[in-house]
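Both chains come to you apart, so use the hints to assemble them.
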Amino acid sequence: AQTVTQSQPEMSVQEAETVTLSCTYDTSESDYYLFWYKQPPSRQMILVIRQEAYKQQNATENRFSVNFQKAAKSFSLKISDSQLGDAAMYFCAYGGYKLSFGAGTTVTVRA
Amino acid sequence: DTEVTQTPKHLVMGMTNKKSLKCEQHMGHRAMYWYKQKAKKPPELMFVYSYEKLSINESVPSRFSPECPNSSLLNLHLHALQPEDSALYLCASSQRGRSGREETQYFGPGTRLLVL
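Line by line, the protein sequences are chains V and E.
If you use the working numbering, the first sequence corresponds to residues 1 to 111, in order.
If you use the working numbering, the second sequence corresponds to residues 1001 to 1116, in order.
Read the hints as simulated data drawn from the structure, not as lab findings.
Fair warning: there could be bad hints in the mix.
Taking lysine-lysine and the DSS-like style, the derived pairs with C-alpha atoms no more than 30 Å apart in a straight line are [said to hold, decoys possible]:
| hint | chain 1 | residue 1 | chain 2 | residue 2 |
| --- | --- | --- | --- | --- |
| 1 | E | 1053 | E | 1009 |
| 2 | E | 1009 | V | 98 |
| 3 | V | 55 | E | 1038 |
| 4 | V | 98 | V | 70 |
| 5 | E | 1041 | V | 98 |
| 6 | V | 78 | E | 1038 |
| 7 | E | 1040 | V | 98 |
| 8 | E | 1019 | E | 1009 |
| 9 | E | 1041 | E | 1018 |
| 10 | E | 1019 | E | 1041 |
| 11 | V | 78 | E | 1019 |
| 12 | V | 78 | E | 1040 |
| 13 | E | 1038 | V | 98 |
| 14 | V | 98 | E | 1018 |
| 15 | V | 73 | E | 1009 |
| 16 | E | 1036 | V | 73 |
| 17 | E | 1018 | E | 1036 |
| 18 | V | 98 | V | 73 |
| 19 | E | 1018 | E | 1053 |
| 20 | V | 73 | E | 1041 |
The shape of chain E in the complex, shown without the other chains (with noise of 0.2 Å):
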């Protein structure tokens, strides 16, 4: 089973609203991450979790929240976002492979969000 859910699959927000997206893996990884992509573009990296502890943060604007609070679920919180944050948000989680180094990265469908 190599299943990564995310709720919702849609979402419209204002500039002023308050709104999470969340993920979940039930597949033992302990890597799990959050992307943003644009339309026809490849996805662009944002958080990374390692063990349930923050281990990237690409730069990413403080509107943006990331959140684990435990293996399995990986949440992003989301505050006075801007238009051009719409986009497809992706979670990812992956396995730690026999070097010891993370491997293949398995996609959630995804969250599309407008910002109005």
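If we strip away everything but chain V, and leave its shape as in the complex, we get (with noise of 0.2 Å):
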């Protein structure tokens, strides 16, 4: 099974200031999916941005963008402008069909 790592278990960051969090993982295939999902205390899953492995652009979706660094196994996560309702529990996955999840990093927003 892959590996996922998050080796940040808490981040705090300030009100519309950029927080970055780390994920590394390990795999010995060359074409694989990478995501970044939030999870608030609602505890809704919900998917912030994906990264396809042959991709060499980083992907972005609005304030979330992503830094891919494929012989690296790194895939860390920079949220800019950052707003109270980005607080949250943050796991990177690695995978498509069966997910591969790191430990989680969760993230608090001072006003």
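Structure follows, in structure tokens:
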């Protein structure tokens, strides 16, 4: 099974500032998907952003962007202009059919 | 539309009860999943259905019984559960991508289960 590592259990960010969440993974495959999911206290798991490994260009979705380093097997998430609604647990995940999740990073946003 | 619905939102049951969780999607996805999630932990895969056939069972105890009546519905039948089965149960569905492999999983809001 693929291993996904999120080394930051908690991150805190001031409103309107930027925060970066780290994620590394281990795989021997060349074609795969990577995801960031957000789970607010309401517990709904929401897709934030998706990256296809064969694409060199980093994915972006509004204030969310990733830094995908395939050779380093790194997939970090940057949240720009942080808002109070961004407070949640963020999971990095590898795969598609059978997802491997990281342990999660709890993001708190200070007003 | 990327909506997966789950009912009920909350469920309290005794260890001798029988209950069912329901999941529905109308996105035309042909793979559907059940996950169990404990607080502050990532989801743990329980079952995967692909084209209405059970394709993955992650060694889940038999007191959990999945059913896929059609391509839009997924049920999880519960019987003789234990207090440690209390958790959030998430349903998800996914579409098949250009490579023929399943791509993004979309999750429902979950059913919060408490076993007394």
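Going down the list of hints, with the structure as the test:
no.: 1; hint: E:1053 to E:1009; verdict: holds, 26 Å
no.: 2; hint: E:1009 to V:98; verdict: holds, 25 Å
no.: 3; hint: V:55 to E:1038; verdict: violated, 34 Å
no.: 4; hint: V:98 to V:70; verdict: holds, 20 Å
no.: 5; hint: E:1041 to V:98; verdict: holds, 17 Å
no.: 6; hint: V:78 to E:1038; verdict: holds, 26 Å
no.: 7; hint: E:1040 to V:98; verdict: holds, 20 Å
no.: 8; hint: E:1019 to E:1009; verdict: holds, 13 Å
no.: 9; hint: E:1041 to E:1018; verdict: holds, 26 Å
no.: 10; hint: E:1019 to E:1041; verdict: holds, 25 Å
no.: 11; hint: V:78 to E:1019; verdict: violated, 42 Å
no.: 12; hint: V:78 to E:1040; verdict: holds, 21 Å
no.: 13; hint: E:1038 to V:98; verdict: holds, 19 Å
no.: 14; hint: V:98 to E:1018; verdict: holds, 29 Å
no.: 15; hint: V:73 to E:1009; verdict: violated, 37 Å
no.: 16; hint: E:1036 to V:73; verdict: holds, 27 Å
no.: 17; hint: E:1018 to E:1036; verdict: holds, 18 Å
no.: 18; hint: V:98 to V:73; verdict: holds, 18 Å
no.: 19; hint: E:1018 to E:1053; verdict: holds, 23 Å
no.: 20; hint: V:73 to E:1041; verdict: holds, 23 Å
The structure does not agree with the numbered hints 3, 11, 15 stated previously, though it agrees with the rest.
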